[in-house]
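**Student:** Read off the chains here:
Number of protein chains: 2
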Amino acid sequence: MPHHKLIARLLAVGPVSERDRDALRNMRYSVRNLADAEYAVRVGDRPSSCTIVLAGFLSRQRVVSDRMQISSFYLAGDMPDLPSLHLPVMDHDLCSVGPSTIALVKHSDVRAMLQESTGLLNAFWRETLIQGAVYREWVDNLGARQALPRVAHLICEIATRLEFVGLVEQNSFNCPLTQEDVANACGLSIVHVNRTIQELRRRGLIDWRGRTLELLQRQEFEEVAEFDAAYLHGLDRPHE
Amino acid sequence: MPHHKLIARLLAVGPVSERDRDALRNMRYSVRNLADAEYAVRVGDRPSSCTIVLAGFLSRQRVVSDRMQISSFYLAGDMPDLPSLHLPVMDHDLCSVGPSTIALVKHSDVRAMLQESTGLLNAFWRETLIQGAVYREWVDNLGARQALPRVAHLICEIATRLEFVGLVEQNSFNCPLTQEDVANACGLSIVHVNRTIQELRRRGLIDWRGRTLELLQRQEFEEVAEFDAAYLHGLDRPHE
DNA sequence: CGGGGTTTTGACAGTTTTCAACAGAGGTGG
DNA sequence: CCACCTCTGTTGAAAACTGTCAAAACCCCG
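One line per chain: the protein sequences are A and B, in this order.
The opening position of the first sequence corresponds to residue 28 in the working numbering, with each subsequent residue numbered one higher.
The opening position of the second sequence corresponds to residue 28 in the working numbering, with each subsequent residue numbered one higher.
Because the hints were derived from the structure by calculation, they are not lab data.
Any given hint could be a false lead.
Output of the computed footprint for chain A on chain B, the stretches with three or more beta carbons under 8 Å from beta carbons of chain A [to be verified]:
1) 113-122
2) 142-155
3) 170-177
4) 216-225
5) 252-261
Cβ pair distances, simulated, as ranges [what the hints assert, rightly or not]:
6) B:128 / A:236: 54 to 60 Å
7) B:239 / A:245: 37 to 43 Å
8) B:231 / A:229: 46 to 52 Å
Here's a subset of chain B near chain A, in silico, CB distances under 8 Å, partners left out [to be verified]:
9) 50
10) 98
11) 135
12) 139
13) 158
14) 160
15) 163
16) 165
17) 166
18) 207
Keep in mind it's a predicted model, so treat the numbers as computed, not measured.
Cβ atoms here follow ideal geometry from the backbone N, Cα and C, with glycine treated the same way.
Can you build the whole structure from these sequences, using the hints too?
**Tutor:** Written out as structure tokens, the structure reads:
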């Protein structure tokens, strides 16, 4: 059921008519399970399907200047390669972070669906606009913040986006990222990320053991991260 | 004539029907001149018009962690606050870099135009997708590259985007950025940007005096910058 | 139980920032 | 036309943050 998380995601950021929701529910799709570090799409590919994340995390990544840079994470309900509808050639890899599950919907089906409904077309456009806001926030994060708030901000974003699709319980969620992934996303070295996370732990802000991440003292943590969820443009701000 | 640069910009990245071009040409608009450092829109504003850059540069910026971070520059033909159509509250300032000229088109007019033509709706969506690609490239740039290639990459991007709208002649163009602007965009200190630009000059890669920037040895310069224009998704790659 | 990936540690090197001061360019007013 | 003022660009030295290298501890999975 790819529609479930996708609809939840779209509803979290804007209205979608009942008719459009039906169209989404009736999409044809195939499901694919990805192992840890397995690629969904590669740089240079010309996908003929759109990917919808059903479970787990995907990263958008590319080798830049001899290191792996991650420019976004995609969670349940996200459509990481929506751009391929208009921009045929992938400029990044989409890679599974931990095991994950994705749905694939043919471009032709998506196009047909969007031709039927300008409401959906607008919803997808809005979704693209929000993705843009997220990328810009990453620019701000990488450009202006030191390691500690930078890492904290990343964690806050993931937590809030997971809340949109109901995957956080008592400030605790499943997080498949390794410290290396955090380093690649934050533009920091693994060693420095390790020390930064230790500092967050030392301050009693997070408890991150294995695949489980718990936010202790959410308020203080978001202050350290200088996090303001407004840029995610969620309709119901979960933590207010 | 806001349509001129806007149409050039849209045509540079995708097909637009003659009918849609007519619709763009018939847009109602008002023109506004901005002085250096004057704001077009501020954080928290709820614009009722869309901005189109006619001449000069705008920067998208925000105070992050006690410094000014620029997350994008917008050049002639760009529509920096297109997101406000779907995301009403501005999350960044739009600020003039040097004097500039913008056109303003009422949201209601834009909406009417898009309702008439799914072709235009798709063109604007594609434009948003490309903006997203540009933001991601900035993430890669800030996250992975050292000062020298980072600054060089920014310059390459601006040059190429200016070429799309015909504002580069003999590898030379008008560049209103100060070293402080470069610093704010690249997440570096002014002093370090100054030294970096001197190094680029010393290597004979650029000649940047006053408001005029000339790329000497374009090929080598783009190699230093690790620049590949593919992410801008121009239809005619100018430098091939 | 073994083995590979992940986390952790320490010492050191490097890039980048900060501070502070000065030179130069451009615009304004007298 | 020059003085003056501000913004921009430039320099040097010291400090800070972050990176690199290398090794060890840990942990999960088969």
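**Student:** Take the hints in turn and mark each one as holding or not.
**Tutor:** These are the hints, each one checked on the structure:
Counting residues of the segment 113-122 of chain B whose C-beta sits closer than 8 Å to any C-beta of chain A gives 5, which meets the bar of three, so the coverage hint holds. Here's how the segment 142-155 of chain B fares: 8 of its residues keep a CB closer than 8 Å to some CB of chain A, so the rule of at least three is met and the hint holds. Coverage of the segment 170-177 of chain B by chain A holds. Counting CB-CB distances below 8 Å, 5 residues qualify, and the rule asks for three or more. Three residues within the 8 Å Cβ limit are the bar, and the segment 216-225 of chain B against chain A gives 0, so the coverage statement is violated.
Interface restraint, the segment 252-261 of chain B with chain A: holds (4 residues with C-beta to C-beta distance below 8 Å; minimum three). Between residue 128 of chain B and residue 236 of chain A, the C-beta spacing of about 56 Å keeps the proposed range 54 to 60 Å intact. The beta-carbon spacing between residue 239 of chain B and residue 245 of chain A, approximately 51 Å, falls outside the hinted interval of 37 to 43 Å. The given range of 46 to 52 Å is respected by residue 231 of chain B and residue 229 of chain A, whose C-beta atoms sit roughly 49 Å from each other.
Among the interface hints, the one on residue 50 of chain B is violated; its C-beta lies about 16 Å from the nearest C-beta in chain A, farther than the 8 Å criterion. Hint status for residue 98 of chain B: holds, given a least beta-carbon distance of 4 Å to chain A, under 8 Å. Proximity of residue 135 of chain B to chain A is violated relative to the hint, the smallest CB-CB distance being about 15 Å (cut-off 8 Å). At its closest, the beta carbon of residue 139 of chain B sits 13 Å from a beta carbon of chain A; the interface hint therefore is violated under the 8 Å criterion.
For residue 158 of chain B, the interface hint holds, the least distance from its beta-carbon to any beta-carbon of chain A being 6 Å, beneath 8 Å. The interface hint given for residue 160 of chain B holds, since its Cβ lies 6 Å from the closest Cβ of chain A, which is under the 8 Å cut-off. Annotation: interface hint on residue 163 of chain B holds; nearest CB of chain A at approximately 4 Å, less than 8 Å. The beta carbon of residue 165 of chain B comes within 5 Å of a beta carbon in chain A, closer than 8 Å, and the hint placing it at the interface holds.
Because the beta carbon of residue 166 of chain B sits about 4 Å from the nearest beta carbon in chain A, less than 8 Å, this interface hint is met. Annotation: residue 207 of chain B was flagged as interfacial toward chain A, and the flag is violated, the nearest CB pair being 14 Å apart, outside 8 Å.
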